[in-house]
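Peer 1: The listed protein sequences correspond, in order, to chains G and S. My numbering puts the first sequence at residues 1 to 318. My numbering puts the second sequence at residues 1001 to 1248.
Please note that a few of the clues may not be correct.
Computed footprint of chain G on chain S; a stretch qualifies when at least three of its residues, placed anywhere within it, have a C-beta under 8 Å from a C-beta of chain G [claimed, not checked]: (1) 1043-1050; (2) 1064-1071; (3) 1099-1113; (4) 1130-1137; (5) 1198-1208; (6) 1230-1238.
Now the stretches of chain G that chain S is said to cover, found in silico as 3 or more residues with beta-carbon under 8 Å [what the hints assert, rightly or not]: (7) 51-59; (8) 156-164; (9) 195-207; (10) 247-259; (11) 275-289.
What the hints contain is simulated information worked out from the structure, not anything from laboratory work. In this text, a Cβ means the ideal position worked out from N, Cα and C, and glycines have one as well.
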Amino acid sequence: MGILIYTESDNGKFKKSALELASYGRTIADQLGVELIAVSFNHKDSQTLGHYGVERVIQISDPSLENFTAKPYAANLAAVAEENDVKLLILSSSANAKYLAPLLAVSLSAGYASNVVELPEYIQPLTVKRSCFTNKAFSTCILENEVNIIGLSSNSYGIRENTKEIVAVDKSVTPRETNLVVENIEKSSGEVSIADADIVVSGGRGLKGPENWHLIEDLASTLGAATACSKPVSDMGWRPHSEHVGQTGKPVASNLYVAIGVSGAIQHLAGINSSKVKLVINNDPEAPFFKAADYGVVADAFEVVPQLIEKLKIFKNS
Amino acid sequence: MKILVCISHVPDTTSKINFVDDSSAFDKNGVQFIINPNDEFGLTRAIWLQQKQQAEVTAITVGEVSCEPTLRKCLAIGANRAFRIDIKPTDGFQVAQQLSAHCKKENYDLIIAGRESIDYNGGMVPGMISALMGYNFVTNCMGLEIQGNTAKAKREIDGGIESICCALPLVIGAQKGLVEEKDLIIPNMRGIMQARQKSLTVLPANESQVKSSISKFEKPAPKGEVKMVDANQIDHLIELLHNEAKVI
Ligand SMILES: Cc1cc2nc3c(=O)[nH]c(=O)nc-3n(C[C@H](O)[C@H](O)[C@H](O)COP(=O)(O)OP(=O)(O)OC[C@H]3O[C@@H](n4cnc5c(N)ncnc54)[C@H](O)[C@@H]3O)c2cc1C
């Protein structure tokens, strides 16, 4: 009996979420006195996982797993879970993890709770708090099954070092027939994705037009942040849909969310609520967003953002 | 081509979220219900396939009689027929099982469900249907073309877009991009009149299991006061973000 985490990597490095899963899984493994096992695909770096509390990593490398495809990945995770008598699996909230989790749940006859935001309240029966109503509320969810899957909300637990002696085991691939082919992957070049970003800089209709987006982009690149926007901005084609955040767009759970010229409509706030710190810049002191903000500046974006960029550059270089 | 669109009946996006019965149930009092936005993008894409490629579009929901106005709206938007599986939805697995039991009798070529609903945000129904049916599956689906037995789909990934080719039958988790906001169909008088004549059949529930239950709901803790910083004191703002909030 152990706990299994699915660790994702990108460009030959574990993603931050993988280390967060390890930290979270470690804490539960200690409570239960069981082993923390990780699975990694086409990436070998047991030392890093050991730092965050993993005791055994099962490494599966195969050309057929080079591009993520949900069914083969789910089949391989299910095989490891069954072979090791795993009762609790922990996945991240990445697009890929959310893609395979329901497949894995069916194949293991497991219960599945997505968007879990804390350590389990109880282990028996497994009781977890998850966000619902697009971050407007939380529910306490009880999973009374032999095997359960937790999808951990990103950035909800944090990364904690806890070095363990780790054993790396290579395992051969469990082949899974599929006629689904990934023909092409178009990466938005060089930028940080909203899902992985520590800081997100978001622009609304207050920026008046796409020609002014250099303000958002410059501020984001100064902060090493991802760029985002409100729904009307993407609907009008000022920015790509992939940047639309909110209730009907992407959720944001960054450490810092900077909103510029965004009014703070309920649907926008719903999606960005789980960001830890919110800075709002708006020229209207009555903008509803200020009520949901931690820091606010009443100012014309066109005047204050260039100053903010300048001063941040000085701060970063000091 | 036979298309099934799975519809979730959810509170309008502007709804105030409150709970009743000792915080164990959502307070429906005064709440307007709508077609889940992700489902509506999928429904609209299905209607285009009906108009251009002679698809037959069925809308289905798992829910009680109170969901019927939402299904009527789907008929007014253009679905050919609708089904309601008569059971109170309690968890994603149960809903997926109910829908799969129906799908097994109908041989749909394409099953569309929203990537996730805006109420429980489980994000599991489309994937579980695909697993229970043994069909192909693409979630976060933001583009779909079908020729003969082949689908070309686009999936939004973290930081990019993936192009996928696969055979039907296929289940997709729908989202914006499949059609745009401006493409959503607002039912006109003719559509609303026609919808009254279309069939909305109530199906008895099949046996299904539940794998999770909700013991209580809560709202986020009220947050502290906003700290306002003068526009002429940007240095102070940076200092607060660095020393107090520790985010830069
Ligand atoms: C079903 C549904 C789903 C929705 N889902 C989402 C969603 O997921 N995400 C989302 O964002 N919205 C969503 N919306 C839309 C939402 O209701 C708002 O309309 C939208 O968020 C407003 O966008 P905005 O803040 O950019 O624009 P506006 O509301 O027009 O606000 C612009 C703001 O900019 C400020 N401003 C203007 N000029 C300046 C300046 N020079 N300097 C500084 N500030 C300035 C103004 O004071 C104002 O506050 C949804 C709506 C519906 C009905």
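Peer 1: Are there three or more residues in the segment 1130-1137 of chain S whose C-beta lies within less than 8 Å of some C-beta in chain G?
Peer 2: holds (count 5)
Peer 1: Examine the segment 156-164 of chain G: at least three residues should have C-beta closer than 8 Å to a C-beta of chain S.
Peer 2: This one is violated; 0 residues, fewer than the three required, reach chain S with a Cβ under 8 Å.
Peer 1: Are 3 or more residues of the segment 1064-1071 of chain S near chain G, judged by a Cβ distance of less than 8 Å?
Peer 2: Contact hint for the segment 1064-1071 of chain S vs chain G: violated, 0 residues under 8 Å.
Peer 1: Would you say the segment 1230-1238 of chain S counts as covered by chain G, given the rule of at least 3 residues with C-beta under 8 Å?
Peer 2: holds (count 6)
Peer 1: If you look at each residue in the segment 195-207 of chain G, do at least three have a Cβ nearer than 8 Å to any Cβ of chain S?
Peer 2: holds (count 4)
Peer 1: Checking C-beta pairs, does the segment 1198-1208 of chain S have three or more residues closer than 8 Å to chain G?
Peer 2: That given contact is violated, which follows from only 0 residues of the segment 1198-1208 of chain S lying within Cβ reach (below 8 Å) of chain G.
Peer 1: Residue count check for the segment 275-289 of chain G against chain S: does it reach three with CB-CB under 8 Å?
Peer 2: holds (count 4)
Peer 1: Residue count check for the segment 51-59 of chain G against chain S: does it reach three with CB-CB under 8 Å?
Peer 2: violated (count 0)
Peer 1: Against chain S, does the segment 247-259 of chain G show at least 3 residues with beta-carbon separation below 8 Å?
Peer 2: It holds: at least three residues are needed, and the segment 247-259 of chain G offers 5 whose Cβ sits within less than 8 Å of chain S.
Peer 1: Please count how many residues of the segment 1043-1050 of chain S have a CB within 8 Å of a CB from chain G and say whether that reaches 3.
Peer 2: This one is violated; 0 residues, fewer than the three required, reach chain G with a Cβ under 8 Å.
Peer 1: Test coverage of the segment 1099-1113 of chain S by chain G using CB-CB distances below 8 Å; three residues minimum.
Peer 2: violated (count 0)
In summary, the numbered hints that this structure violates are 1, 2, 3, 5, 7, 8.
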